[in-house]
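> Sequence:
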Amino acid sequence: MVPCLSDVSLLRSIPLTSLRTILVVLVLAVLTTVVAAVLLPRTVPAATGASSADRPTRFTRPALRTVLRAVGRYTARIVMVGVPVLLVMALGGLLINRPMHYVRTVGDLAKAAAPRAQVSSRIESPPKSSAFGAAPASAWKASFHGVGDGSQEATWTGPVSGIKLPVRVVLPADYRPDDGRTYNVLVGLHGWVGDPQSLVTGLASSKRLQEAIDAGRIPPSILVFPSLNADGASQPDCVNINGRPAVGTWIAQEIPRMIQATFPNVTTQRAGWMIMGISAGAYCAARTAYDVPQRFGSVGVLSSFDSPGEGVLAHGGKQLQSENTLSTMLGRRTPDGMRFYVMGAQDDSTGSARAAWFMQDAVQRPDSVTIDTPRQGGHSWVLWNDRLPSLLTWWGSDPAVFAAAGLPAPDGDAWAGAKAAGIKPPTQTPKDQRTAGSPSPMRADVFELNGLGTIIVSTVASLAAAGTVLVWAPRWGRRRDGAKPSTARLGGAIVGRFAAVVVAASLIAVTAGIGVNASGGFYTSWRDLRASVRVNDNAGK
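According to this note's numbering, the sequence shown holds residues 71 to 611 in order.
For the record, the hints were derived by calculation from the structure and aren't laboratory data.
Glycine residues also receive a C-beta, built at the ideal position from the N, C-alpha and C atoms.
Just so you know, not all the hints are guaranteed correct.
[Stated by the list, open to error] Here are the simulated DSS-like pairs of lysine-lysine, each with C-alpha atoms no more than 30 angstroms apart in a straight line: (1) LYS489 to LYS501; (2) LYS277 to LYS211; (3) LYS198 to LYS211; (4) LYS234 to LYS277.
[Unchecked claim] Simulated DEER-style distance windows between Cβ atoms: (5) GLY537 to GLU194: 57 to 67 angstroms; (6) ALA224 to VAL141: 51 to 61 angstroms; (7) GLY537 to PHE517: 20 to 30 angstroms; (8) LEU96 to SER199: 51 to 61 angstroms; (9) ALA180 to ALA470: 45 to 55 angstroms; (10) GLN339 to ALA207: 13 to 23 angstroms; (11) TRP596 to ASP483: 28 to 38 angstroms; (12) ALA224 to PRO363: 25 to 35 angstroms.
Please model the entire structure based on the sequences and the hints provided.
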């Protein structure tokens, strides 16, 4: 029993962001393709002029033995070709996962893929302030170290929640704790699946922060990216749930206290603190701001659902979900001047544009909601990377943000210089032009990424390639007279089969990727997909 458990544990710990893992899968894909290219002819009867047992006439039924042989031959072919196909698909997934760190290990992937059952849970009240005061001062300090991508990391344990998770910070180029400046703070929450590094790389956070500071669009500020994965890769909560890790305490109370203790020159003024997030993290950003209004003056909501879509809040029943809808909670909170930037593409299948419009309709003064609902963009890193400079510009457009850092606000329109630098202002979609909807194949342009024509062409091409490999390729290189083929003929046939398997595997992987993308609405155009490749190549630079 122990060795078996050890083997399972070892398998679950395989890293999915490691270059070594990618190289191993690549080598296995090449080797299995070579094996298929060499062994496929062995699944063909010994001679084209086979015995009558293998060649039934039109007037006789094939013998059971003949049927079983045929089934065995085609099963062998499917296995030989299927293994390289699966490895190529795995290789594509690893290449996508590596820069964004969706999942770190095979165990995390298994947890992420596990079905979510409805559970009965309740939200717990936050700890009393005395609980935080009881912890020694040293417990609130974290030790950060550089990790080579423009950020620093620390694994820190919350003194009250007991949660031990990694936290990333991105500091301005000339930051020093004794430089006499006051720094604002932006806390960023990752989506599911994801981790703090995904925000560093996927948003090129170090570059975007420095550009905004150098251009005077925001005062000197630091970015803070805490992990929400208290249960590995399970869907994270952003409130304290009975029987679950106290993630609400971790985000809303402990992380800000840790930042103030570790970086003593950050501002203590509410206007100088913003919390933002992407996808599920965007929901958590707004939900956290509701819980601690005294902490955050601004909130950035990038591609959030209105009703909770992940974690216990999403799977705890309709009543719990309804009570925690962002627009509903915004409408009933006591307004105190909190500012919201709510962005969502109209073709985002999660309904993030609708969430923005609902929040705009629900807000009460002096709270304010600035909507940004572009017609296209999907639910993708390209959109979030593109809109982070817009979010930072919006944040710095409030003079109180500069005042929190002890600086005068820049003169003139904050958006004038930003537009000249290519930063997009918020898309304030009029009510009569709002067309949010799922990017289904029937609604997309025929040969767009999610278009019906693209899906049909890729599916037909995949089936044709697979049919070629399974039916005709095994006979390549054979002579009709049954004589032994020449070495050149055999070598050419092996090369041809190798190429055919590679093409079939690639087409099937691409078709599967298009299907997954269409069902999730992540990328809605070829342009965004190409841009995503560029974003990944330059992640964190």
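> Now tell me, hint by hint, if it's right for this structure.
Verification of the hints:
1. LYS489 to LYS501: 24 angstroms, holds
2. LYS277 to LYS211: Status holds; Cα separation ~26 angstroms.
3. LYS198 to LYS211: 21 angstroms, holds
4. LYS234 to LYS277: Holds, because 28 angstroms separates the two Cα atoms, which is no more than 30 angstroms.
5. GLY537 to GLU194: 57 to 67 angstroms: Given about 58 angstroms between the Cβ atoms, the range holds.
6. ALA224 to VAL141: 51 to 61 angstroms: Holds, at about 58 angstroms.
7. GLY537 to PHE517: 20 to 30 angstroms: With Cβ atoms ~23 angstroms apart, the hint holds.
8. LEU96 to SER199: 51 to 61 angstroms: 54 angstroms, holds
9. ALA180 to ALA470: 45 to 55 angstroms: 47 angstroms, holds
10. GLN339 to ALA207: 13 to 23 angstroms: With Cβ atoms ~22 angstroms apart, the hint holds.
11. TRP596 to ASP483: 28 to 38 angstroms: Holds - the Cβ-Cβ distance for TRP596 and ASP483, about 35 angstroms, lies within 28 to 38 angstroms.
12. ALA224 to PRO363: 25 to 35 angstroms: 27 angstroms, holds
No hint from the list above goes unmet by this structure.
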